[in-house]
Structure formats: structure tokens, C-alpha cells
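Chain by chain, the residues run as shown.
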Amino acid sequence: MIEVQELTKNYGPRTAVNRLSFQVAKGELLVLVGGSGSGKTTTLKLINRLIEPTSGRVLIEGDDASRFEPYVLRRRIGYVSQNVGLFPHMTIAENIEVTPSLLGWSTARRTERTAELLDLVELPSSITRRYPSELSGGQAQRVGVARALAAKPRFMLLDEPFGALDPLTRDRLQQSFIDIKRQLDLAAVFVTHDITEALMLGDRIAVLREGCLLQIGTPHELLDTPKNEYIERLLDTPRRQASELERLLARGAP
Amino acid sequence: MIDELRLLPSYLTAHLQLVLFAILIGTALSIPLGILLSRRARFEQPLLFVANTIQTIPALALLALMVPLLAALHLPSIGYLPAFVALVLYSVLPILRNTVTGLNDVDAAIVDAARAVGMRPRDQLLRVELPLALPVIVAGIRTAMAWTVGMATLSTPVGGLSLGNYIFSGLQTRNFNALFVGCIAAAFLALILDALLGLLSRGMQQRRRGLIVGASVGFLVLYVYAGASLAAQLLPKSQRPLVIGAKTFTEQYVLSEILAQRIRDVGGRSVEIRQSLGSTVVFDALKSGQIDAYVDYSGTLWATILNRKGTVPQRPQVVTEIGHYLREKYGIGLIATLGFENAYALAMRREHAQKLGISSISELVPYADRLSIGADYEFLQRAEWKSIVEKYGLRFATQRSMDPSLMYEAVKRGGVDVISAFTTDGRILRYDLVLLADDRGAIPPYDAIILGGPRLLREEPESVQALESLDGHIDDNAMRQMNLMVDQDHQKPVAVARDFLRRLVSSTRHQSKARNLEGAH
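Protein sequence lines, in the order shown, are assigned to chains W and E.
For the first sequence, the working numbering assigns the number 1 to the initial residue and increments by one for each residue that follows.
For the second sequence, the working numbering assigns the number 1 to the initial residue and increments by one for each residue that follows.
Take the hints with a grain of salt, since some may be wrong.
Label pairs and their calculated CB-CB ranges [unchecked claim]:
1. W/Pro167 with E/Gly150: 33 to 43 Å
2. W/Ser176 with E/Ile25: 25 to 35 Å
3. E/Gln55 with W/Arg129: 42 to 52 Å
4. E/Ile25 with W/Ser106: 48 to 58 Å
5. E/Arg207 with W/Glu122: 50 to 60 Å
6. W/Leu168 with E/Ile25: 56 to 66 Å
7. E/Gly210 with W/Glu122: 51 to 61 Å
8. W/Asp179 with E/Arg207: 48 to 58 Å
9. W/Leu168 with E/Leu222: 36 to 46 Å
Residues of chain W placed beyond 10 Å of chain E at every Cβ, according to the derived structure [said to hold, decoys possible]:
10. Arg19
11. Leu50
12. Ser126
13. Ile127
14. Arg147
15. Ala151
Think of the hints as simulated: they come from the structure by calculation, not from any bench.
We put the CB at the ideal spot given by N, CA and C, even for glycine.
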């Protein structure tokens with residue numbers, strides 16, 4: 001379980017994240033949604049201490065995250081970002097095996113794990129010897145997910161992982177990710193600015209604005225009882241798209 | 001050409017010793033420093049500024065600076081060390097700058113990813129940042145390597161052996177074969193070293209083990225060879241060879257050979273020659289015992305070491321005073337006066353001088369504001385020139401410094417009207433130049449004298465005797481002829497010296513035989 005308590009990050013006079021509190025249970029996917037500057041990416045980076053908080057704390061399975069060496073913490077938390085960040089000078093296999101190798105796993109164990117992961121993210125095993133520059137965007141992102149999962153973390157942080165992909169690829173990857181999450185029983189925090197993606201993927205959704213948490217709840221709760229006008233407007237877009245689609249489908253029907 | 005090629009192994013080895021170890025130490029200093037700077041942005045600008053400043057010092061000046069600097073630290077100030085230290089300093093900037101740039105230019109997203117997968121700062125550096133910055137760093141090493149190969153040729157004036165010895169003595173004695181061999185060898189060396197680094201870098205980037213192994217073996221062989229030969233030189237020898245110094249002109253090359261051969265023949269001692277040393281470097285080297293003997297000129301010492309100004313006494317008196325002064329101040333001995341004088345004199349083409357009706361400096365003065373003077377690098381800064389200007393009020397329209405070997409050609413072709421000639425230079429005869437009389441006595445006498453270092457005087461009486469035996473045996477004409485043999489007939493200084501000594505030995509034998517015969521009667 002990930003628990004965030006009163007988490008705050010100030011950059012000089014500017015408050016990027018303002019006294020944020022939430023929990024993510026095992027097997028749950030929490031989506032942080034908000035516009036740019038809402039503090040969602042900062043929040044994500046505060047959880048694995050890529051950024052250190054000004055105040056407040058993060059508990060990982062009840063342990064204060066600040067008590068670990070940052071690198072120890074990060075090896076327990078998978079991280080996927082929009083720009084993937086595959087190491088260009090390493091093969092696909094080396095990229096996937098980077099955290100296991102830091103943890104000192106044996107070569108045999110690493111190779112076995114890589115095969116499992118490629119299976120999981122639906123990539124052919126022939127890809128292991130290739131370099132990141134030889135992959136398509138969708139393939140690279142699948143490798144990114146495999147790398148994040150390599151050391152069998154129970155927590156995942158995903159920063160707009162599918163944002164840069166074309167709609168078809170994004171849809172396929174979203175579906176595979178939901179399957180993976182279900183299989184692995186992960187506690188995951190997923191950042192997106194796309195409210196439709198948030199509604200489709202999230203078990204719960206947290207809406208952020210200017211570093212503050214506006215509302216947190218299941219997609220149904222948000223749709224049924226939006227706490228304020230901003231959230232209502234935010235939800236208008238998917239609602240309108242849904243009714244457009246319905247009308248189009250109805251017209252197409254015989 | 002064969003003669004030149006025979007010198008190639010020793011010059012090339014010396015060049016390799018300088019370049020390879022300067023680059024090794026330069027790299028070993030610069031990469032860690034670069035890593036530190038990329039982490040501590042605060043120090044980046046100041047330190048790069050220092051490195052940049054070093055780079056703006058002309059290479060030759062940086063080398064020359066090492067001599068007094070090392071001497072002040074009581075380290076060997078001529079030979080390998082000053083050249084090595086200067087090359088190391090010079091190699092730092094490109095490697096340092098490229099290390100900093102290479103590390104700073106690693107994509108921030110990649111660095112974030114490295115942290116996010118759980119790398120410690122050390123893992124980050126070794127597994128991600130350095131490998132990604134490697135092509136840029138290697139490019140810096142390649143730049144440094146090319147510079148260093150070039151700059152090492154300038155280590156000759158500080159007594160470091162290198163391919164530059166071809167170039168300095170070749171330029172001086174108009175031996176274009178030597179010049180050619182020196183330049184081509186340096187260019188080839190630069191190309192080969194660059195190609196090896198290129199292969200190594202390509203091998204690492206493309207992870208081709210064959211290339212990495214091949215290039216590494218290449219470097220290993222070169223380093224082992226250079227290291228072993230350097231170690232062999234540094235090992236204490238049972239008897240250190242005596243070292244004869246020579247400044248950067250033909251006469252000095254010939255005289256150093258004469259001194260060296262004389263000591264070998266008569267004193268039975270092994271001798272080395274350090275050629276093309278800077279004019280002040282050579283006296284300092286004698287003072288500190290890094291060379292044992294060389295030939296200097298009384299007027300030069302009078303003006304630069306004794307710092308005497310005002311009226312100059314007669315020739316013999318100058319020599320005597322210098323002898324006393326050097327003995328008392330530095331323990332340096334004046335071993336012999338060779339018999340000729342190589343003075344500074346103003347020289348013009350004969351027909352030009354006749355047209356203007358000039359035969360002395362006084363007569364030159366009214367025309368000088370329409371004429372130009374070409375002088376060697378030192379002359380216009382020297383006390384002699386100041387004294388001429390003071391005593392005659394001489395002022396030329398233009399003043400030009402140039403290489404002494406090119407000066408004579410320039411006046412012959414009318415590029416300049418007057419030059420600061422050396423009176424023993426054979427080209428005065430060959431080009432039909434006239435020397436203008438110093439009618440007001442502004443220029444001191446320049447007797448050629450053999451100076452011996454303190455250790456030579458103390459421990460090598462046979463060698464001192466061998467040198468003493470040269471006293472009075474080279475007159476102006478003999479020296480001029482020998483200079484001409486090298487400059488015009490392209491004979492080797494070593495051969496010219498050998499001929500001279502052969503003649504000397506047979507004539508003294510003849511004399512002593514004659515004396516013996518007289519004694520019998």
C-alpha cells in the first residue's frame with residue numbers, strides 16, 4: 001500500500017504540491033488527473049523521491065519512504081515515463097535487466113525474467129539484442145513497462161506512459177496494462193491529463209489543480225457527484241464525446 | 001636522406017615518450033576533473049577559464065616558461081621534464097572541456113530514468129553518463145593528441161629530444177631533407193595515433209570486441225615500448241655521459257660537435273649533445289649542471305649575465321673579467337678562448353652600401369629613416385641594440401624580426417636593407433655583404449669562449465684538458481669556412497667538426513715534430 005500524508009513541495013514562493021493526502025491499496029490503480037502545472041508529475045516523483053518533499057511524508061507498506069536510501073526505495077517501485085527513457089547504449093535485454101542487475105541477480109535468473117516479461121508485454125523474444133533506436137514508439141513503451149516490472153515491484157508509478165502514442169497503439173497498450181495490473185496485483189499511480197483515459201483505466205481518480213486535491217473517488221462518484229464546477233467542466237468532454245458517439249452509432253444502425 | 005633516416009628511431013622514440021605519457025597523464029587528470037566539474041557547476045566556469053588561459057599561451061612560450069619554473073622547484077629544467085609538463089598542461093583543456101560538455105549533454109530524461117530504476121550516483125555515472133558521453137570525450141582526447149604531437153616538436157629549445165630536432169636544425173642549416181623527414185614523421189605519427197583512437201572509440205560505441213582489442217593492443221605495444229625506453233634512459237648509468245650544449249644556429253652545432261669529439265678523442269669520455277637550446281636556457285642549464293660545457297660569446301655574457309653598461313673595454317680585458325665573474329658567482333670556468341670573434345654587426349649589400357657611400361654606422365644614420373632592418377629574434381631587445389641606438393641615434397623606417405637563417409636571404413634579395421649579421425656567417429662572403437664599422441664602439445667584442453660547469457671542473461680534469469687544447473685554434477676565417485660548409489654545401493656539422501679536428505691533430509703533430517727536431521739540433 002502507498003500512503004501519502006500532507007505531502008507538500010515548494011519551489012521558492014511557488015507551491016507545486018499542496019498538502020496532498022491519499023492512499024493506494026494493493027491491486028488498485030489511482031489516476032492523478034489535471035492540467036499542466038497541476039502538480040501531478042511532481043507528486044509522482046515525490047513518491048519515489050526523484051524529488052524530495054518540503055514537508056509531509058510517503059509511507060510504503062507502512063514504512064516512511066525517507067528512511068530508505070533513495071536507490072533502495074526506487075528499486076522496489078517500477079517507474080514508467082512518457083519519454084520512456086530507455087538507455088540508448090544498452091540492448092533491449094540490458095535495459096529490461098537493469099534493476100535486477102543492480103540487485104545482483106544471476107544471469108540465468110535475469111534471462112528467464114526477461115523472457116517472462118517480453119511475454120507479458122507481448123513482444124517477440126527476438127527483440128532482446130536490438131537497440132532502443134530500432135524500435136517503434138509502441139514497442140519502446142512496452143519495453144519501458146517491462147523494465148519497470150523487471151524486479152517484481154509491488155508498486156508502479158506511470159507518468160503519462162501512453163501520451164505520445166498514436167490512438168490505436170495507445171488503446172492496445174492500455175488494454176495490456178489493465179491485464180498486467182490485474183495479473184500482478186499491483187498498487188499503481190497513473191498520471192494523465194486525459195480525463196477519458198482516467199475514466200477508462202482508473203479504479204479511483206484524483207483530480208488535481210494548482211497542487212491541491214479537488215476530489216478523489218471512483219469514476220462513478222466523479223460522474224455522479226462532481227464536487228465543483230471545474231470538475232463538472234472537466235467531465236463534460238468525455239460525456240459529450242460519449243453522446244456524440246452514441247448518436248453516430250445509432251444513425252449507422254439499420 | 002640516409003643520414004636523416006638514421007636519426008629517425010631515436011627522435012621518433014623520444015617523440016612517442018613525450019606524447020603518449022603526456023596524453024595519458026592529461027587524460028587521467030582531465031576526466032576525473034571533468035566529472036567533478038559537471039557535478040559542481042560552481043567550479044565549472046573558473047576552472048575552464050584557467051584551462052582556456054593556459055591554452056592561449058603560445059606553445060613555445062609555455063615550454064620556455066617551464067624552464068625557470070622547474071628550476072625554481074629544483075627539478076630538472078631542461079630535457080624531457082619541461083616538455084612533458086607543458087604538454088600535459090596543454091592536453092588538459094580539450095579533454096576537460098569535452099568531458100564536461102559530454103556529461104552535461106546527456107539527455108535529462110535518461111538521467112532521470114537512471115535514477116528511477118534505482119541506480120546509485122556511481123552506477124549512474126559508470127553505466128549511463130560516461131558511456132553516453134564517451135564519443136565526445138574521445139573526440140577531446142583526439143584533439144589533444146593531435147595538438148600534442150604538433151607541440152612536442154617545439155620541445156627542442158628546452159632540450160627535449162623529439163622530431164622537432166629535425167625541424168629546428170633543418171631550418172637552421174637549410175637542410176630540407178631533415179625538415180621534410182621531421183614534418184612527414186610527425187604527420188604520420190599524428191595520423192596513426194588518431195586512427196588507433198578512432199578505432200578504439202568506434203569499437204566501444206558499436207561494441208565490436210575485435211576493434212577494441214586490436215586498438216588496445218596497438219596502444220599497449222606503443223606504451224610498453226615508450227615506457228621501457230624511457231625507463232632505460234632514466235636508470236642511473238654507471239657513468240653519466242657528459243653533455244655539451246648548443247644554441248640554435250649553425251656555428252653552435254659545429255662547435256658542439258668539435259667539443260664533443262675532442263673530449264671523446266682525448267679525454268676518452270662518452271659525450272652527448274643537446275642542440276638548439278634557447279640562448280638563456282643554455283646558460284641556466286650550465287649553471288644548474290644539466291649540461292657540462294658549451295661555447296658562448298664574451299659580448300653576450302657581458303651584456304646579459306654581467307649586465308654591464310657604458311664603455312666596453314678591450315677584447316682581452318672583457319674575457320678576463322668574465323672569467324673572474326663566472327668563477328666567483330657560479331663556479332663556472334672559462335676553459336678556453338677559441339680565437340675567433342662572432343660579433344653582431346650591421347651588414348648591407350656591397351653595391352647598396354657603395355651607392356649610398358656608406359662604410360660605417362655613423363654614415364648610415366642619415367639614410368636610416370628610409371631603410372629597413374631585419375634582425376634575429378633577440379637582437380632588437382638586446383643591450384647591444386640599445387647601445388647602438390643611444391650612441392648613434394639610429395632610427396630605421398621599419399624593423400623586422402625574423403629567423404636568423406632567413407635574414408641573409410632577405411638582405412640579398414632586397415627584402416630588407418640592413419641586417420644584424422653574425423660576423424662569422426659564411427653568407428657574408430657568399431652574398432657579398434659589407435659589415436659597417438662600429439666607429440663609436442657601441443658593440444662589445446664577441447670572443448668565442450668555452451664555458452665549463454662546476455662538476456666538469458671538479459671531476460673531469462682530462463675532459464677539461466681536452467677542451468683547453470682547443471684554445472686559440474679557430475680563427476675568424478676557419479669558423480666562417482666551417483659555417484659555409486654546412487649552410488651552403490650542406491655538409492653535416494658532425495663531419496665538418498671531424499675534418500677540423502683531423503687537421504688540428506696533424507698540424508699539432510707536425511709542430512711538435514718540428515719542435516722535437518729543433519730540440520735535437
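Worksheet item: Hint numbers the structure violates, sorted upward?
Response: 1, 2, 4, 5, 7, 8, 9, 11, 14, 15
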